[in-house]
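Let the hints inform the model, and build the full structure from the sequences given.
Protein sequence lines, in the order shown, are assigned to chains L and C. Anchor point for the first sequence: position 54 equals 54 in the working numbering, and the numbering is continuous, going up by one each time. Anchor point for the second sequence: position 41 equals 1041 in the working numbering, and the numbering is continuous, going up by one each time.
A few of these clues could be false.
[As the list claims (entries may be wrong)] Here are the simulated DSSO-like pairs of lysine-lysine, each with C-alpha atoms no more than 27 Å apart in a straight line:
1) L:K46 with C:K1046
2) L:K46 with C:K1157
3) C:K1046 with L:K157
[Stated by the list, open to error] Now the stretches of chain C that chain L is said to cover, found in silico as 3 or more residues with beta-carbon under 8 Å:
4) 1040-1047
5) 1052-1058
6) 1110-1116
7) 1130-1138
8) 1146-1156
[Said to hold, decoys possible] Some chain C residues near chain L, calculated using beta-carbon distances under 7 Å:
9) V1061
10) G1063
11) V1065
12) A1119
13) L1121
14) Q1142
15) R1143
Note that these hints are calculated values from the structure, not bench results. All C-beta atoms in this analysis are idealised placements derived from N, C-alpha and C, irrespective of residue type, glycine included.
2 protein chains.
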Amino acid sequence: MTVPGRGSPGVRRSVLDYPKKRRNTRRFIRNTEPAALDMDWLDQVKWANDGLVAAIAQDAVSGAVLTLAWMNREALARTAETGEAHYWSRSRRRLWRKGEASGHVQRVREIRLDCDNDAILLRVEQAGGIACHTGREHCFFQRLEGDRWVSVEPVVKDPQAIYGHG
Amino acid sequence: MTVPGRGSPGVRRSVLDYPKKRRNTRRFIRNTEPAALDMDWLDQVKWANDGLVAAIAQDAVSGAVLTLAWMNREALARTAETGEAHYWSRSRRRLWRKGEASGHVQRVREIRLDCDNDAILLRVEQAGGIACHTGREHCFFQRLEGDRWVSVEPVVKDPQAIYGHG
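Pasting the structure below:
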């Protein structure tokens, strides 16, 4: 897969830079006039100095908060185009299509922006019912009990079975 | 109200520094042995270089994602002690008890930590049913429709009535 803009998370890039096939699959940008591709809506997001915003994914069916990840401009544009959640991996410093390794993609039903324009909420259908790399439904499985964080959610699938490691 | 540690968001501070009354109201730190007050659980959080982590508040009843805010160590300690959500305001650069001006406090039922130890999820009871300073139930009221962000949630209460401005 060609992943444009793996460099700086702050890079601004038109969707016209994307492969044509990708452009034709966009779900949220329905207006195909050139004006729409300027993507003013992306300019309205208050990107932090590092070019990122926090992005929450919520299961559209169960309501569970699945993940908190990060998006740069390109990740959000890709998410809107493809209808699949894309993020910026801060640790790997690259664009990342959620589920590209695990198959646990997030189909995006809705993209929301908060009152300060600096946080995104995705309402998603979570493939496999597993959002966390630990094989759990969601990432927030540690609960504060007294003075300890306790894992309180079951592992649905062994990560070695998900990623084929080990 | 005395608010300790209004300075740097990265300051580490023991709960012993808090007024005794506050200490006695803590809800999540039930073990009163000195060891518990060292708060190893706070050390397990991966604070970013700026001393903050992202904190999502979710309505424990409706499941709605209400807010995304930021916590420093002290905000999280206070939240656990008092059972009311405290955040670090990046714009005002001070500790902030949610609802201190509006009355729309968040009573915390549960504190969760994610798999990477760098994001917090609070499950809360939202006083007044209003979490957003715009007078809406939650902050994520702008939905991407085509190439526009559209406000799709009603204002429950006029902000001027909430804050007494104007």
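Results of checking the hints against the structure:
1. L:K46 with C:K1046: holds, 24 Å
2. L:K46 with C:K1157: OK: L:K46 and C:K1157 at ~26 Å, within 27 Å.
3. C:K1046 with L:K157: holds, 26 Å
4. 1040-1047: Holds, because 3 residues of the stretch 1040-1047 of chain C bring their Cβ atoms closer than 8 Å to Cβ atoms of chain L.
5. 1052-1058: holds (count 3)
6. 1110-1116: holds (count 7)
7. 1130-1138: Answer holds; 4 residues pass the 8 Å Cβ test.
8. 1146-1156: The restraint on the stretch 1146-1156 of chain C holds, since 4 of its residues have a Cβ under 8 Å from chain L and three suffice.
9. V1061: violated, 11 Å
10. G1063: The hint holds - C:G1063 has a Cβ within 7 Å of chain L, the shortest such distance being about 3 Å.
11. V1065: Holds: closest Cβ of chain L sits about 6 Å from C:V1065, inside 7 Å.
12. A1119: Holds: closest Cβ of chain L sits about 4 Å from C:A1119, inside 7 Å.
13. L1121: Holds, because the Cβ-Cβ distance from C:L1121 to chain L comes to roughly 4 Å (cut-off 7 Å).
14. Q1142: holds, 4 Å
15. R1143: Holds, about 6 Å.
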